[in-house]
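A.B. asks: Chain A is already provided as a structure; the job is to place chain B on it using the hints.
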Amino acid sequence: MSKDIDLSVEFCGVNFKNPFLLSSSPVSNSAEMVEKAFDAGWGGVVFKTLNSGRLSIIHPSPRMNSINYGNQKEVAVQNVEQISDRPLKDNLMDFLYLKKNYPDRPIVASIMGFFEEEWAYLAKVAEDNGADMLELNFSCPHMSIEGSGHKVGQSFHLIEKFTSTVKNSVSIPVMAKMTPNITDMREPAMYAKNGGADAIAAINTVRGISQIGLDDWVPKPNVFGKSTVSGTSGPAIKPIGLKFIAEMAQCKELGLPLSGMGGIETWIDALEYIAVGATILQATTGVMHYGYRVVEDLIEGLSDFMAGRNITKITDLVGKALPNLQETENFELDRQGVVNFDMARCIGCGQCVVVCHDAGGQALDWDSEKRRPLPIEEKCLSCMLCQFVCPVQGMINYKEMPNSWQRKETAVRDSGVEKDVKYEVFNKEPPKVCSD
Amino acid sequence: MPVTYKGWRIWTVKYEDNFKTMPKGFGYAQATAEVNRCLLCHDAPCSKECPADTKPAEFIRKFRLKNVTGAIRTIKENNILGGACGVLCPTNRLCEKACSAKFVSDDKPEGADRPIQIGKIQRFLVEYAWQTGFIPIEKKDEKTEKIAVVGSGPGGLSCAAELAKNGYPVTIFESRPEPGGVLRYGVISSRFDMDFLEREINDVTALGVDIQCNSPIDKKAGAEKLLDDGYSAVFMATGLWAAASLKNNKNEIFGLYSSVDYLSALRDGRFNEMVENIEDKTVAVIGGGSVAMDCIQTASKIGAKDVYLVYRRSYAQMPAEPEERIEAMEDGVHFILLNQLTDYVVNKDNQIEGVKLVRTRLGDSDESGRRKPEIISDSEWVLDADVVIEAIGNTALENSPEWYPSVTVDEKNLIKVAPETGKTNVDGIFAGGDAVRGPALVVQAVQDGKTAARAIVEYLKN
Numbered sequence: 001m002s003k004d005i006d007l008s009v010e011f012c013g014v015n016f017k018n019p020f021l022l023s024s025s026p027v028s029n030s031a032e033m034v035e036k037a038f039d040a041g042w043g044g045v046v047f048k049t050l051n052s053g054r055l056s057i058i059h060p061s062p063r064m065n066s067i068n069y070g071n072q073k074e075v076a077v078q079n080v081e082q083i084s085d086r087p088l089k090d091n092l093m094d095f096l097y098l099k100k101n102y103p104d105r106p107i108v109a110s111i112m113g114f115f116e117e118e119w120a121y122l123a124k125v126a127e128d129n130g131a132d133m134l135e136l137n138f139s140c141p142h143m144s145i146e147g148s149g150h151k152v153g154q155s156f157h158l159i160e161k162f163t164s165t166v167k168n169s170v171s172i173p174v175m176a177k178m179t180p181n182i183t184d185m186r187e188p189a190m191y192a193k194n195g196g197a198d199a200i201a202a203i204n205t206v207r208g209i210s211q212i213g214l215d216d217w218v219p220k221p222n223v224f225g226k227s228t229v230s231g232t233s234g235p236a237i238k239p240i241g242l243k244f245i246a247e248m249a250q251c252k253e254l255g256l257p258l259s260g261m262g263g264i265e266t267w268i269d270a271l272e273y274i275a276v277g278a279t280i281l282q283a284t285t286g287v288m289h290y291g292y293r294v295v296e297d298l299i300e301g302l303s304d305f306m307a308g309r310n311i312t313k314i315t316d317l318v319g320k321a322l323p324n325l326q327e328t329e330n331f332e333l334d335r336q337g338v339v340n341f342d343m344a345r346c347i348g349c350g351q352c353v354v355v356c357h358d359a360g361g362q363a364l365d366w367d368s369e370k371r372r373p374l375p376i377e378e379k380c381l382s383c384m385l386c387q388f389v390c391p392v393q394g395m396i397n398y399k400e401m402p403n404s405w406q407r408k409e410t411a412v413r414d415s416g417v418e419k420d421v422k423y424e425v426f427n428k429e430p431p432k433v434c435s436d
Numbered sequence: 001m002p003v004t005y006k007g008w009r010i011w012t013v014k015y016e017d018n019f020k021t022m023p024k025g026f027g028y029a030q031a032t033a034e035v036n037r038c039l040l041c042h043d044a045p046c047s048k049e050c051p052a053d054t055k056p057a058e059f060i061r062k063f064r065l066k067n068v069t070g071a072i073r074t075i076k077e078n079n080i081l082g083g084a085c086g087v088l089c090p091t092n093r094l095c096e097k098a099c100s101a102k103f104v105s106d107d108k109p110e111g112a113d114r115p116i117q118i119g120k121i122q123r124f125l126v127e128y129a130w131q132t133g134f135i136p137i138e139k140k141d142e143k144t145e146k147i148a149v150v151g152s153g154p155g156g157l158s159c160a161a162e163l164a165k166n167g168y169p170v171t172i173f174e175s176r177p178e179p180g181g182v183l184r185y186g187v188i189s190s191r192f193d194m195d196f197l198e199r200e201i202n203d204v205t206a207l208g209v210d211i212q213c214n215s216p217i218d219k220k221a222g223a224e225k226l227l228d229d230g231y232s233a234v235f236m237a238t239g240l241w242a243a244a245s246l247k248n249n250k251n252e253i254f255g256l257y258s259s260v261d262y263l264s265a266l267r268d269g270r271f272n273e274m275v276e277n278i279e280d281k282t283v284a285v286i287g288g289g290s291v292a293m294d295c296i297q298t299a300s301k302i303g304a305k306d307v308y309l310v311y312r313r314s315y316a317q318m319p320a321e322p323e324e325r326i327e328a329m330e331d332g333v334h335f336i337l338l339n340q341l342t343d344y345v346v347n348k349d350n351q352i353e354g355v356k357l358v359r360t361r362l363g364d365s366d367e368s369g370r371r372k373p374e375i376i377s378d379s380e381w382v383l384d385a386d387v388v389i390e391a392i393g394n395t396a397l398e399n400s401p402e403w404y405p406s407v408t409v410d411e412k413n414l415i416k417v418a419p420e421t422g423k424t425n426v427d428g429i430f431a432g433g434d435a436v437r438g439p440a441l442v443v444q445a446v447q448d449g450k451t452a453a454r455a456i457v458e459y460l461k462n
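Chains as they are written, first to last, in the working numbering: chain A, 1 to 436; chain B, 1 to 462.
Same shape as in the complex, but just chain A (with noise of 0.2 Å):
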C-alpha cells in the first residue's frame, strides 16, 4: 500500500476498521472460516443467519449454480441455500471464540424468526454472547412460508412489528435487510424505520432463475428432478442494488445509515456503492468466486484511491454521487454530441461497423482495403454501442458539438409511398387530472 490510509468507519456507534463486510451466507457460515476471512483483513462479518432450533434446516442438493458468460465464471450465482443449519449453541459459540481472538471486529448476528417470541429470543442470545450488532433478515429468497424471510419483506407491518420486537429485547443496533424483490424499497425501510431500525442493508439476492437444464427441463440447481424461483447474486444484479442504495440515501424522511452489498467484488464496485450511500459493504459471491483474499484489494484499491485524491476518510465519499443522480427532465437536451474516432489506433475489426449499422445511427461506413470505419459524423446518435464493441480502450470517445451542430435525421427509405400514408397529426390534450 502507498499510503497508510484510514478507512475506519463508524456504523451506528460501532466502530470497523474497514467497511469491509462477510455477507450473511456461506462465507461466514462458521468461526473457522469467518477467522480466516478476519487474518485476509475483513473489517467484520455478518454471520450466517441463526436458527433457534426449533425448526431443523436441510440445505437442499445441489444448492447453487452458476452463471457464466463468454470466458467468464459466476457473473452471477444462484443459491437455494437455507439459514444456517449448525445447531445455534454452535454458532454462539463461535460467537464467543471471534470475540476474544478478534475484539476489533465486529460480529453482527443475521437472525430470522417466524413469530414474535423467536425473533425475540434469537436477538437476545445473540447479543448475551457478543454480537456487535443486529442484521434482521427480511429477505431471504426463497422461503415458502408466509411470515418469514422474503415474505416480512414483502408484508410491511410485519417489518415494522419484528423490528419493534428486537429492539424491545436489545440494546445493540438493529439493522433491516431488505429483499429487492419489490418495486420501492424506501416504503418497507420506513416501516423498519418506524419499528425503530437504526440502518438498512440492501440487498439480499435478486428471485430470479438462472438456466434451464435442456435434457431434463428442469431449472438449476437441480435438486432431485425440482427446482424452484431463488436468489440471484454477484456483478450482474450490481446496478439494482446501487439502484435500491441510490434511492434509500436520497430518501431524506429515511435518514438511516446504509449498508450495501449486491455483486461487489472490486474496490471499485465498493466505491460504487459508497457513492450512492452506503457506509458500510458486504459481499459474499466475490468470495465464493476468488476466495477471502479479494479484500486485499478492496482495501489496498480503495487506499491508494483515497490516496490520489487525498480524502481521507470514508464518510467523505459518502453519498458522492447522489446530487448528480436526478430525473430525466432535468437532461440538458439540446447538449449534443457525436463518438470520435482516434484512427491511428484502430486495429481494423470493423465490430463497431457491425453494431452502428444493425443497432445504431447506420453512421459508420466501411473501407474494405484498409480496413478502417468511415465516420459519418452527422448521422451519429451517441448511442455509444461503437465504443462498447471496440477492442481498443479509449479509441472512441465522446465528444460534445457545438450547440449549432445538427443531427441529420433517419432518411426515410421510399419518398414515394408518401401518398399511400395514412396518417393525422395527433392534437388532443391529456385530460385535466385534479391536483391540490
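No lab work stands behind these hints, which were simulated from the structure alone. A few of these clues could be false.
[What the hints assert, rightly or not] Cross-link-like lysine-lysine pairs, in silico, BS3-like; alpha carbons within 27 Å at most: (1) A/K73 <-> B/K108; (2) A/K226 <-> B/K66; (3) B/K108 <-> A/K399; (4) A/K238 <-> B/K66; (5) B/K108 <-> A/K370; (6) A/K73 <-> B/K412; (7) A/K73 <-> B/K120.
C.D. replies: Coordinates of chain B only, in the frame set by chain A:
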C-alpha cells in the same frame, strides 16, 4: 516424458506406440475460451485466406453464440476434410496469419495480440461431432449419373463428398490397399493419426461414396475407359508418388530412401523393419520442407544415433514451418545448412556410406523469392551416413500420362486444367490436387475437389 534410450533422448509414449497417435486437441472448455477471445470481425480476414473456403469467421461466430451444431455444419459443408485441415493446415500462413496480421495498429488488445487458434478450434468441432454423433450433412435426392473419382487422397475425397451431397453415386478407385492417399501414406502418425483419418473418411463414405481399394486404373487409358464403362464424368486426383532424386538408379543403393518410401513404410506395416534400419545409425535427410521435417523427426525419435538435415539454402529460406524446425532442433537434429548434395558414397556392395556435399553461399533471389544457393568451388566434403533419405520433392510417376493418354500434361507430367473448373482438354475428365498443381497443401486439394465437383454438376446438367 523424454527419457534417454541408447544414449538418445526419445519420447517414450510416442515410441512405444510407434507414433501411432497424435497429441490430443482442444477440449470443449479450451475451444470455448479461444472462440471467446475472437473479435468476430466485420469483413473477416481469416475467412478470405482459407484456400478451401472453410469460413472460419462463420464457424467461430456460430460456436461463440452456442450454435455448436451449426458451426460443425459450416465446416463440414464447406470442407469435408475439415478435421484433417484443422490438424495439418499451415494455419500460421493462412487463416491465422490473416487473423492478426491484418490488424495494423499501435494497439494490440486481447484478441488481436496473437491469432485465434483457428486450426485447433476447427479440429475440436469436427471431433466434437464424432463424439456426439452429430451428422451435419444430409444427402440430396438420388441422381442417376455415375461418377468415377481416381485417387482417395484429399482431392478425391473432397470431390466425391461434394458430388455425393448433390445426390450423385460416386465410386473412388484407389490403387493402394487403404484409402486416404497422402493423408495415410505421406504424413507421420504423430502428426495425423490413423484413427482420425478413418473417422474423417467415414464422413465421406456415410454420404454414400463407394471406395474401391486395390483398384488401380493404371492400365493404358484407364480414365478414358471409365467414361466408356458408363461413368458420366471422371475426376483424376492421383497425386505425386514419385520422389525427386539426384540419382535415377537409386533403388540399387542400399540405405538410400526417398521420403515417399520412408514415410509410407512407417504407415504400411513395415515400421519395425524401418526401426531396425534406423536405430543407432547415422541418418542424413536431404531437404528443407515439411516432409523433410517429418523424416528427421521420426528418425530421431525411432532412435537414430545422429540425424543430419542437409539443406542447400539457409535456415530462413526453409519451406518447413518454424515450429517444425524448432522442434527438430530441440530433438537434437543437426542442421547442415548451405550444403548441397552432389553424389552418394557407396561401398562395393552398393551399401550407402555417406553423401558428397558441396558448400554453397546465397546469391540473388530466384522466382520463389528466396535467395538462390550458389556452389562454392573446391569445397566438396563427405558426410558419413548409414541411411540417407531424400526429401526434395515429389513428382508425378513417369508412366502417369499413360493412364489418361488423351489428356494434356505439361513437361513435368502435371495435368493441365482450367483452374476455375478443373476441366481437362477431354470432355468429362476433370483433375485436381497435386497431380495438377505439383506439391501443394491438403487444403488446396480439398478446394480443387470442390471446384471440380461443382463443374461436374454443371457439366452433367448440359
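A.B. asks: If a hint holds in the structure, say so; if it does not, say that too.
C.D. replies: Taking the hints in turn, this is what the structure says about them:
no.	hint	result
1	A/K73 <-> B/K108	holds (25 Å)
2	A/K226 <-> B/K66	holds (25 Å)
3	B/K108 <-> A/K399	holds (24 Å)
4	A/K238 <-> B/K66	holds (26 Å)
5	B/K108 <-> A/K370	holds (17 Å)
6	A/K73 <-> B/K412	violated (58 Å)
7	A/K73 <-> B/K120	holds (23 Å)
Hint compliance for this structure: hint 6 alone is broken.
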